[in-house]
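Hey, can you work out the whole structure from these sequences and the hints?
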Amino acid sequence: KAGVTQTPRYLIKTRGQQVTLSCSPISGHRSVSWYQQTPGQGLQFLFEYFSETQRNKGNFPGRFSGRQFSNSRSEMNVSTLELGDSALYLCASRGTDNYEQYFGPGTRLTVT
Amino acid sequence: DQQVKQNSPSLSVQEGRISILNCDYTNSMFDYFLWYKKYPAEGPTFLISISSIKDKNEDGRFTVFLNKSAKHLSLHIVPSQPGDSAVYFCAASAGTYKYIFGTGTRLKVLA
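Chains as they are written, first to last, in the numbering used here: chain W, 51 to 162; chain L, 5 to 115.
Hints in this document: simulated from the structure, not taken from any laboratory. Do not rely on the hints blindly, as some may be mistaken.
Said to hold, decoys possible - Cβ-Cβ distance ranges computed for the label pairs, FRET-style:
id	chain 1	residue 1	chain 2	residue 2	range
1	L	E46	W	Q104	24 to 30 Å
2	L	L114	W	A52	49 to 55 Å
3	W	A52	L	D35	40 to 46 Å
What the hints assert, rightly or not - Quick look at which bits of chain W chain L covers, simulated, 3 or more residues with Cβ under 8 Å:
id	segment
4	64-76
5	89-99
6	142-150
7	153-159
We put the CB at the ideal spot given by N, CA and C, even for glycine.
Pasting the structure below:
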């Protein structure tokens with residue numbers, strides 16, 4: 051079974067721009083969660099989508115948004131990028147009624 | 005407010021010995037806990053989990069212990085191998101599938 055895939059793997063953007071990251075979950079998984087990882091902060095939960103609906107949300111500003119499509123693929127968008135948005139963005143998928151999440155390799159975003 | 009804390013940023017252990025990674029939490033509503041391992045340039049890999057109704061769960065060389073009264077969990081790796089060298093994260097959930105992660109402990113297993 052193929053794992054979680056994320057595209058692109060690396061991205062460089064300029065302050066003020068916007069960016070869209072993509073995540074394809076493991077086949078059959080309907081839950082997709084997004085995390086931001088920065089040095090010293092661990093993984094910070096952004097949001098979770100299940101069957102195209104946002105079910106949980108972390109403490110991030112409204113510049114961070116997401117959506118999920120009918121095939122469970124998910125996108126995350128960050129508008130008006132700031133230098134502090136430079137991070138590794140990870141997505142994870144989970145099977146129904148299963149606590150274990152499986153992570154993709156991440157997208158490394160650098161904002162200059 | 006860091007609800008899940010891993011107070012040891014790093015740990016070094018000799019190959020073949022036991023590695024003990026610790027995690028403390030503050031939210032008594034957490035009812036499910038997970039451990040992940042992360043290598044550089046890769047996403048975290050699920051290792052082992054435990055429900056709050058248990059106090060121990062084993063899977064091969066990995067054992068997780070949960071002490072609810074102390075709000076503490078630990079991951080034991082026996083015997084430690086050089087391939088275990090990675091960053092280990094604990095995570096907790098309060099039944100909502102919203103996971104709170106610790107900041108990680110870097111384990112180095114010395115050959």
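Each hint tested on the structure:
1. L:E46 / W:Q104: 24 to 30 Å: holds (27 Å)
2. L:L114 / W:A52: 49 to 55 Å: violated (35 Å)
3. W:A52 / L:D35: 40 to 46 Å: violated (31 Å)
4. 64-76: With 0 residues closer than 8 Å to chain L, the segment 64-76 of chain W misses the three-residue bar; violated.
5. 89-99: Held - the segment 89-99 of chain W has 7 residues with a Cβ nearer than 8 Å to chain L, which meets the minimum of three.
6. 142-150: holds (count 4)
7. 153-159: holds (count 4)
This entry does not satisfy hints 2, 3, 4, going by the numbered hints stated previously.
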